[in-house]
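In the order they appear, the protein sequences are chains A and B.
Position 496 of the first sequence, counting from 1, maps to 496 under our numbering, and the rest follow consecutively.
Position in the second sequence (from 1) plus 568 gives the number in our numbering.
Check before you lean on any hint, since a few could be wrong.
To be verified - With a cut-off of at most 25 Å between alpha-carbon atoms, the simulated PhoX-like pairs for lysine-lysine come out as follows:
#, chain 1, residue 1, chain 2, residue 2
1, B, 1115, B, 960
2, A, 191, B, 879
3, B, 1008, B, 1115
4, B, 880, A, 311
5, B, 759, A, 122
6, B, 690, B, 631
7, B, 879, A, 312
8, A, 312, B, 949
9, A, 311, B, 1008
10, B, 880, A, 191
11, A, 440, A, 405
12, A, 392, A, 547
13, B, 879, B, 690
14, B, 880, A, 312
15, A, 191, B, 1115
16, A, 191, B, 690
17, B, 1115, B, 949
18, A, 311, B, 960
Everything labelled a hint here was simulated from the structure, so no lab data went into it.
Protein chains: 2
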Amino acid sequence: MSIVDRLAAARADAPADLILRNGRLVNVISGEIYRTDIVVHDRHIVALGEGYQGEREVDLAGKYVAPGLIDAHVHIESSLVTPPEFARAVLPHGVTTVVTDPHEIANVLGLEGMRYMLESAKHGLLNMFVMASSCVPATTMETSGARLEAEDLAPLLDHPWVLGLAELMNYPGVALADEGMLDKIALFENKVLDGHAPDMSGAMLNAYVAAGVESEHECTTVPEALEKLRLGLTIFIREGTTTRNLEPLLPLITAENHSAICFCTDDRIPADLIDHGSIDYMIRVAIAGGIDPVMAIRMGSYNSARHFRLKKYGALAPGKYADILVLPDLEDFRPEQVYRGGQLVARDGAMVAARPESRRFDLRSTVNIAADELDFSIAAKSGSIRVIGTIKDQVVTEHLVEPAKIVAGLAVSNIERDILKFAMVERHRASGHIGLGFVKGFGLRRGAIAGTVAHDHHNLAVIGVDDESMKTAVAAISAMGGGLAIADGEVVLARLPLPVAGLMSELPIEAARGQYDDMIAAARELGSPMSDPYMVMSFMGLEVIPKLKLTDLGLVDVEQFQLVDLFL
Amino acid sequence: MSIVDRLAAARADAPADLILRNGRLVNVISGEIYRTDIVVHDRHIVALGEGYQGEREVDLAGKYVAPGLIDAHVHIESSLVTPPEFARAVLPHGVTTVVTDPHEIANVLGLEGMRYMLESAKHGLLNMFVMASSCVPATTMETSGARLEAEDLAPLLDHPWVLGLAELMNYPGVALADEGMLDKIALFENKVLDGHAPDMSGAMLNAYVAAGVESEHECTTVPEALEKLRLGLTIFIREGTTTRNLEPLLPLITAENHSAICFCTDDRIPADLIDHGSIDYMIRVAIAGGIDPVMAIRMGSYNSARHFRLKKYGALAPGKYADILVLPDLEDFRPEQVYRGGQLVARDGAMVAARPESRRFDLRSTVNIAADELDFSIAAKSGSIRVIGTIKDQVVTEHLVEPAKIVAGLAVSNIERDILKFAMVERHRASGHIGLGFVKGFGLRRGAIAGTVAHDHHNLAVIGVDDESMKTAVAAISAMGGGLAIADGEVVLARLPLPVAGLMSELPIEAARGQYDDMIAAARELGSPMSDPYMVMSFMGLEVIPKLKLTDLGLVDVEQFQLVDLFL
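The following block holds chain A by itself, in its conformation from the complex (with noise of 0.2 Å):
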């Protein structure tokens, strides 16, 4: 079929494939809620209005239908699960199409991680985008399994799921006129460029936006969205499972301004999206926190189409995709029939639609370590160490001072002080670097917990009461090409292999969150009080989020932006 025949069909020349009749269309276009058909054929919408005939007919009842929901800005690889698994996790929730940072892929695979998850994209379910991951690695401060500069990514620029270039999470660097970032803004600035600056005002803030950037999602309060909207940036307001942020920033939202703001969930685990959904979850937050519903939906679809000049999404009306949400309560936003390309792919919460046949794309293995050779012993020099202070719900550390345990001259856990062992340790290119330093606040009484996922670098990180255990998770994750593990002395307790650039499993949604919760039991039968410390410790080897963490070359002083030692 082609553009001929869904012409035929909207002049009612020819029988369209799909009436949906007697729907409230809510048009995110004119602002309006009103009865209408809506007339599909050959996976597009080709018209809104009566007096059509369609080989297959449902009648809605009165019915709302709204368009497909947008998640402008997330992390694939958080859901631990490869596109396609993603994508049947999403789509009852409504969520036709993502806008991707394929970051985390591309700091561990390079361009091939990236061509990874454009082959996933472009055989699956879900319209996904791919924005060119702009910060590989973050900084000098770490090794990461590959370095992309703006020559490396110019091969992206012509690609038609490519938008634009990342987050530029090296905000100063971007402030401060570094000519590699300047260079690949220039490469991408007939495109769409996102931006990541947290806490960033005034100055500082006017020179990013200067540079191009078009986009912001790290606010977390109303000034700091406030001052960023009004310089010209496209506030996505951020819901992740971590990261919450939609409810402080509901004030935000005005009719005058709503225009320049967007949903997106940045980075959710598998329970999260299985259980309370996505963007469709902040819709419902945002009516229930007093949004009108079609600013709402507005929010989550049609602004971020806009965004990112996707205009055949992201509303309902002729020549658009026919992407669309058909809902028996507009304030309770919950989809019952989701269809994408005028396909039922999902209904009532449940996928409908068979996963497609995906492309085999083997990558390589990318666990790259002598794990016999690894030696977590700390030889004291004085009696004083720097500890990673963890913070509940926070990304963000304390930079502490403690007095050391020292054993035998070596400085060791202190499950007294809740002061544990933190290995990171070199995974991609089998340097043998391994950074070495203490964590306050996991809880350990025995064991150790460890994992390939550590942002951004994804080196393998490693938290232990004893050296013991720690070599036998990083061992068992070793022997899985990637993974997360937990170990207790010789024994492993519970492992979720993550095969895919150490990052996702090729496993289900549902069967790669049973093992999450099981590791997530494990690390609580060993004493951990967190509801989540795999994630935590992801989180501690990030050397751009203050204020003090470890990379595979050691400690990191945030603020100062520098390595530092151990001891003082």
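With the hints as your guide, set chain B onto chain A.
Frame of chain A, contents of chain B only:
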């Protein structure tokens, strides 16, 4: 200077070129008005906020500051002057950017004509973007100077100043899947596709929109505009010299839908531009009609920038071009200062910047007729003739049947009944084609008027009481290589040379306006009661607008869409 310098100024690490202090910013992004300083460096706005130092500083003392205006759809040729002179007319009114369809010159000179407009744009003070003309010629019932198929337009696709495909006037062709139209749409599918579909509705309109069309500027009533807006067309409300749609469409505009509405002028003659203005006039009328000023300004700036994906235009924020208006009053929207790229170009309604040197672009002569072989005699075939009946202030006509006045076997003008001879002389290819007919309403008691402005083919139109006067006027136009002329017997009473494609004068717009006023005065002397008989004549050959029109191939019954005989 470069981005590096701009970022230094944005960070306040170096003084900026210019600071506009103490203005009240109309922030079209956030929908607010508040006090702030505006920091300009190297043609761009680099910062909003306090604490900056400038090489030059201007104290605005609380005056309003708004973005430079954007005309979403204008045929510059209708101003009868070249783009640099058009720029001189609109810049003092605050219009800093126009999106133009060089449709008139393209019908005369094809790609060469479009290149002329693009070249003119490149070196001017006005930001001029071009839409590639989509309907050259309009139909096969005329002889135009050029024919442009999709393959001819392909070289324009990646031109940095070409934004998309201009008004798709062959709207039945688009809806009926005409292959040539679909080829052009497919070529420009990732660019912007402008529409033109007067009175289209229902299934045919759905098909037109489903083809990918994105805008419409032909709406005259609220129900028509609302139907089109709901289907996803951006509504360009038009206020031309003859087509005045703004006041009738003001009730369309709501806070909920105004993001899908832009302002445009389409066609304005010199006197209108000079005396009344352009988009600024529309903003004044809208505000006087009760529209919120920020919404009105958005429709005249930001909304058009978003529609055309012009991300550095239409708003005042870091990274945008410094196209800035200073206004003492918001209700009576009259720019006191107009900055384009940070340069003060107009003040108090007059240009202060000199017209830049234009690149000389020699177009070939476009009037190619044998003036001494013209024969306007009409052998009478019956006593009853079809007559084109003009209607005041409209471009549609009546299809009249009148008794013929016959002298010596020839049908001639009948001044008692105000039925005058009308000839359309093919002027592009010396084909010898002359369409002959009669027209009612011009009121000449003596002489003839003639001109090479005759939409859209722009052949040479001439209306007269006697053949000698008609030949004198045609010969005068031929001698000056295109333009308007008025003659009485052997005497040329007035002339307005339009050497650029027979459409545009090379004089300053004030001089062209003076000549045009003289032309109208001369027509009044000869008895015409019309306020502008030349403009009315220019639409009497446009065979895509009902009901009866005359091309060089003969009379066209537009409702039947076919050529018809003069005699019944």
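Ascending list of hint numbers which this structure does not respect
6, 8, 9, 15, 18
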